[in-house]
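Hey, can you work out the whole structure from these sequences and the hints?
When the sequence shown is numbered by the numbering used here, its final residue is 227 and no position is left out of the sequence of numbers.
Don't take each hint at face value.
Here are the in silico distance ranges between beta carbons for each label pair [said to hold, decoys possible]:
1) Lys166 to Pro24: 33 to 39 Å
2) Leu102 to Lys6: 22 to 28 Å
3) Asp69 to Lys218: 24 to 30 Å
4) Leu41 to Ser146: 25 to 31 Å
Listed below are the simulated DSBU-like cross-link pairs for lysine-lysine, each with C-alpha atoms no more than 30 Å apart in a straight line [said to hold, decoys possible]:
5) Lys225 to Lys51
6) Lys81 to Lys168
7) Lys81 to Lys99
8) Lys166 to Lys197
Since the hints were made in silico from the structure, they are not lab data. Owing to the predicted nature of the structure, the values given are computational and were not obtained by experimental measurement. We put the beta carbon where it would ideally sit given N, CA and C, even for glycine.
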Amino acid sequence: MSLKYKTISFELVHDIGHLILDQPPSNKMTIDFFSEFHHLLDGLHSMENLKAIVISGRGRHFSAGADLDQLLSLVRHESQKDSGGETVDLSSFLEKNYKTFLSLEALNIPVIAAIRGVCLGSGFELALFCHFRFCGEDALFGLPESTYNLIPGIGGTSKVSVFSGKSKALELVLHGNTFSAEDALGFNLVDKIFPKKQVVEMAIGFARMITTSYNKEKAKLYLNKLL
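Shown next, in the form of structure tokens:
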């Protein structure tokens, strides 16, 4: 089974779903992306034979985050429309996207982010709502919103605080600096680092390994299976 949207695609193979951010090279998250992601996720909740989801980006990168031009237009209260022709405003846009990410996190099947290349802004926020985060040694992370006089708008601050502590969250959010895969592992923001060409393969293999008796409340215990 496969589904193809304008900005994302989805493949179901042997009960493992592979959700691909599909606007290479940077896989920016446009207004259309968030609309399509929300629509796809609604369908996944009712897919009975879906036992795990792996999320990755097409090509070299996971995602460079939100489309900056569109985001700044929303900040300036300039009219924007999604692919369905509906007018989008900033507060409802952020609230809907946050609820969509919460809905992803609430799934009772494993959700694994397989990260290569850049993983910034809302792309990083999406990864933080996954149950597991695997990345390549080349991965580059960050919440650069403060460099545009903005703050992370889809739960990134609170998620980093949960994984890394409040002081580290404030540092990363206020400075807006990028950081490496090794730093992300040290900050407890990723779970495992692999050679970049193996990240997606390892995520899919891990998903198959843990689907039989998956308990989301004990998610981190499953990482021992990789040792």
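Tested hints:
A C-beta distance of roughly 36 Å is found between Lys166 and Pro24, which places it inside the suggested range of 33 to 39 Å. In this structure the hint that Leu102 and Lys6 lie 22 to 28 Å apart at CB holds, the actual value being about 24 Å. In this structure the hint that Asp69 and Lys218 lie 24 to 30 Å apart at CB is violated, the actual value being about 42 Å. Against the hinted window of 25 to 31 Å, the Cβ-Cβ separation of Leu41 and Ser146 comes to about 28 Å, which satisfies the hint.
Between Lys225 and Lys51, the direct Cα distance comes to roughly 18 Å. Compliance with the 30 Å bound is thereby established for this hinted pair. Taking the CA atoms of Lys81 and Lys168, the gap is about 36 Å. The hint is violated against a cut of 30 Å. With a CA separation close to 20 Å, the supplied pair Lys81 and Lys99 stays within the 30 Å bound. For a cut-off of 30 Å, the pair hint linking Lys166 to Lys197 is broken: about 33 Å separates their Cα positions.
Of the numbered hints listed earlier, those contradicted by the structure are 3, 6 and 8.
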